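J.: Each chain, written out:
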Amino acid sequence: MRLELEDVHHVYAPGTRFEVPALRGVSLAVEPGEVLAVVGGTGSGKSTLAQHLNLLLKPTRGRLLVDGEDARGMKLGELRRRVGLVFQFPEAQLFESSVRRDVAFAPRRLGLGEDAVGERVRQALAELEISHLADRSPFSLSGGERRRAAIAGVLAMDPEVLVLDEPTAGLDPFARAELLGLVRRFRERGRSVVLISHDLDEVAEVADRVCVLERGRVRALGTPEEVFYANPALAPATVRVMAALGRAEAGRPVRFADTLQALKELLEG
Amino acid sequence: MLGRGLGQFYPAESPVHRLDPRAKIVAAGAIVAGLFLVDSMAGFLVIGGAVVAALVVSRVPVGSFLRAMRPVLFILVITSLFQILFYRRGELIFGWGWIQVYTGGVELAAFLALRLALLISATTLLTATTSPLALADGLEDLLSPLSRLRFPAHELAMMMSIALRFIPTLSSEAEKVMKAQAARGAEFSEGGLLRRARALVPVLVPLTIGAFKRADELAEAMESRGYRGGAGRTRYRELRFRPPDAAVLALAVAAVAGGALV
Ligand SMILES: Nc1ncnc2c1ncn2[C@@H]1O[C@H](COP(=O)(O)OP(=O)(O)OP(=O)(O)O)[C@@H](O)[C@H]1O
Ligand SMILES: [Mg+2]
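Protein chains in written order, with the UniProt record's numbering: chain A, 1 to 269; chain B, 1 to 262.
Among the hints, a few may not be true.
What the hints assert, rightly or not - With a cut-off of at most 20 Å between alpha-carbon atoms, the simulated DMTMM-like pairs for lysine to aspartate or glutamate come out as follows:
id, chain 1, residue 1, chain 2, residue 2
1, A, Lys58, B, Glu175
2, B, Lys213, A, Glu96
3, A, Lys75, A, Glu166
4, A, Lys75, A, Glu4
5, B, Lys179, A, Glu188
6, B, Lys179, A, Asp158
These aren't lab readings, by the way, just hints derived from the structure by calculation.
If you're wondering where the values come from, they're calculated on a predicted model, not measured in any experiment.
Input sequences plus hints: build the corresponding full structure.
T.: Right, here's the structure in full:
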């Protein structure tokens, strides 16, 4: 599934004193099978952009294309199933008496049979490694466990595109690494992930492409090498180290392992 | 999320905004009471004139004022319609099958509509020109004589200002949770009444839990800063009753008296 935003503008509270132009002409595609990272300062419009990918917010101007077709022609429920959106701090959406029942909410809404629902729930819980919490109340869990339960609730819809709005904010390093593992596994199945993040180091590890938003506009878009080496001051530690060394023969590594390898080769050669 | 709905404060620089909240509360109360005493067109004109004059002086844009009235418009239309159709005194002015309209019904409907509209206008004007904090302060002060009778005036005012303070927070929270559930396939505008009510469960549960959590945190924050109720508490902003406040109060009472008598 390919999603494309075409010159999307979004204004909050138009025509009032509180008018905020949050997106100002964003054009961007999410290709099948890629991890697209969206980075940018607070208030740059990342969450607003995320909500346009399943039309929870409608563009004030511009449109969303799904596999080349205008998404306004699609059923909203269908679009929202295929594009799974995990909100910023999703733990606030849990409401059922047990994790299992909460994760079952979305597949039930899809009208699946009991067996199919059970299977979806089992898979989603296993994917997030919280199968042992299935019968606990969501409100008795720790913050990180609740976050994972909420993500499982979206995964249970079996979406083709997964949009994660700052999923690792406030998680411990271990939980963070696990979540990035989930992102990679999702991509390996040929599906795409839109990862909104403030953490450039984690973006460097998993992203195929990076989009930098600034005050509602796309400031840069490209592979991590292109984007980060164009402005090493605003780049992950790996890029800053390589840029500071200024050794062109080392190439332009971005991931930690690649950087380490390049440094080893420099030292030995 | 911001700046909409009944009872929103509209910050501006105007003589009405600067009035002592106590004067405004009493004046609005007098007008509301007066509306139930008035039973002539001339009387409504007097009180309506006073309200419109206050609106003009207050610099609250008429547009946002009318928007605040919109939710009540429906009730207003329905009740007026009932009066027109079913009140059968005076002369018959229109008859068609079971539909019979009498002058008495039209008059009653007009009075009812005017009464409701002016009632809402007066109270909306009060909340639009008085910040929630000033409103709570004024109310506390007006109720304070009752605290001798163990009426919890301060606590009531504090509860009111906290509730007002958290309305925007709660409504933006509700919006967020609704969107998050919609992303999981929830539908809020589909099916009959029962189905719609059931669809709200996934929104109300997290919202309620969030509200309790926030209340806990607020209580802890207040206690840790030494809040111990109203006794012996001084104010940062002292209320001052000045000559213009007295003048406005006198005018409001005069309008009500005039309206009731003509
Ligand atoms: N519901 C809303 N009503 C009005 N304005 C809003 C609303 N949501 C966001 N905004 C405004 O739109 C702009 C973009 O907000 P958005 O939430 O998309 O930013 P963000 O990049 O996700 O920020 P963060 O990193 O803090 O999550 C901000 O200026 C914000 O104040
Ligand atoms: Mg955000």
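J.: Next, verify each hint and record whether it holds.
T.: Here is what the structure says about each hint:
Between the alpha carbons of lysine 58/A and glutamate 175/B the distance comes to roughly 15 Å, so the proposed pair stays at or under 20 Å and holds. Between the alpha carbons of lysine 213/B and glutamate 96/A the distance comes to roughly 17 Å, so the proposed pair stays at or under 20 Å and holds. Under the criterion of a C-alpha separation no larger than 20 Å, the hint pairing lysine 75/A with glutamate 166/A is inconsistent with the structure, at around 27 Å. Taking the CA atoms of lysine 75/A and glutamate 4/A, the gap is about 17 Å. The hint holds against a cut of 20 Å.
Restraint check: the Cα-Cα separation between lysine 179/B and glutamate 188/A comes to about 29 Å, which exceeds 20 Å; the hinted pair is violated. Distance check on the hinted pair: lysine 179/B and aspartate 158/A sit about 19 Å apart at the alpha-carbon level, within 20 Å; holds.
Violated hints, listed in ascending order, are 3, 5; each of the other numbered hints is respected by the structure.
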